[in-house]
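Trainee: One letter stands for each residue in the lines below.
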Amino acid sequence: MSLLPKRVKYRKQQRGKLRGNATRGNYVAFGDFGLQSLEPHWVSGKQLEAGRIAAQHFLRRQGKLYIRVFPDKPISKKPLETRMGTGKADVEYWAARVKPGTILFEIAGVPQELAKQAFARIAHKMPVRCRFVERRLAV
Amino acid sequence: MSKETPVLTAQRRERFGTRYARRLRESGRLPAVIYGHGADPVAVSLDAKETITTLKHGVHVLNVVVEGGKAETCLVKDLQFGFLGDDVVHVDLARVDLDEVVTVKVRLNFFGQPESARKPGAVLVHAVNDVEVSCKVREIPSDIKVDISNMEDDFVASQIKLPAGLTLVTPPNTMVCHVEIVKEEVVVAPEAAVAEAAAEPEVLTARKDKEGEEGAAAKDAKPGKEAKEG
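In the order they appear, the protein sequences are chains A and B.
In terms of my numbering, the first sequence opens at residue -6 and continues consecutively.
In terms of my numbering, the second sequence opens at residue 7 and continues consecutively.
Treat the hints as calculated values from the structure; they're not laboratory data.
Just so we're clear, the structure is a prediction, and the values are computed from it rather than from any experiment.
Treat the hints with caution; some may be incorrect.
Stated by the list, open to error - Restraint-style ranges between C-beta atoms, simulated for each label pair: (1) B/G75 with A/P(-2): 52 to 62 Å; (2) B/K55 with A/Y3: 33 to 43 Å; (3) A/L11 with B/K151: 39 to 49 Å; (4) B/T59 with A/Q7: 39 to 49 Å; (5) B/N69 with A/E42: 47 to 57 Å; (6) A/K10 with B/E208: 21 to 31 Å; (7) B/P207 with A/A131: 32 to 42 Å.
We put the CB at the ideal spot given by N, CA and C, even for glycine.
Could you build all of it, start to finish, from the sequences and the hints given here?
Mentor: This is the structure we're talking about:
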């Protein structure tokens, strides 16, 4: 089942724009390693779920997987071969707004090599270019 | 400090701003600033590779020799990161005395495998990788070794055995690491999955049915009328 909110204030939203880079959620906070987006995109709940399943099947109860983004933006889409007008279309799916630098997934409790392999599987399911990152330098 | 204080050579920065800082970074230098102890702040640049390698070893205190001057003992106060959040683009250095008491974050070096983490599906999760301690500058360790081989399911900050001279600043009940059992994934039947996929979130501002609205309007109107009559 894909991710979606339990409760929302409004049924539909305007599209908006994904400008700039991530200034929040751009470092590994919970796990030991992370998968970072390098492009801006709307990542659907279905894509996140596909990534989660790919990683968890590979990890087989080793390590803890964190999903750092949540699809809270309703994306509406008009049906095919429909004339324009007659109001805003129905919600098609829910998406997370991902900017360059956003950490998408994190893994804790596994060696680096295993985490890299799990993230490679997730990256195949993502609509963005991703890279592997570790915890950043702390003072 | 566990080892000798590393010595870094710094050059004064004469020109400031984004462009000049970027040019410095491109030439392998790292912009930094030295401040504190009532003296004027000095904008400097350090060798990027050497500085980052030093910081990766958990060093907190540096001896910075600004060209033509004498060495100053500095505490690494803050780091600024680039747009992807991991490359260091600027360092804040605060002048300190070796006997001054400061509060710093020291990383934890876990060792040992607890019995509870050997169960199938058990994962050792490090909730915290560093703790805040208060100590004299000369006593700041590069890391704190934490033996977790005898831990139960949880390990809190107060259970860390600190080296002499260090006082814990982090709240003592802060969870440092714990053992979590990862549940086996329940495979959802396709029919159930379709039903769940059709589920929609509750809309808080959704319009109510007409009767409900009228009833509410009538209730609202009554007290007003009564008030006018009265």
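Trainee: Now tell me, hint by hint, if it's right for this structure.
Mentor: We went through each hint and held it up to the structure:
no. : hint                           : in the structure
1   : B/G75 with A/P(-2): 52 to 62 Å : 58 Å, holds
2   : B/K55 with A/Y3: 33 to 43 Å    : 51 Å, violated
3   : A/L11 with B/K151: 39 to 49 Å  : 44 Å, holds
4   : B/T59 with A/Q7: 39 to 49 Å    : 48 Å, holds
5   : B/N69 with A/E42: 47 to 57 Å   : 53 Å, holds
6   : A/K10 with B/E208: 21 to 31 Å  : 28 Å, holds
7   : B/P207 with A/A131: 32 to 42 Å : 37 Å, holds
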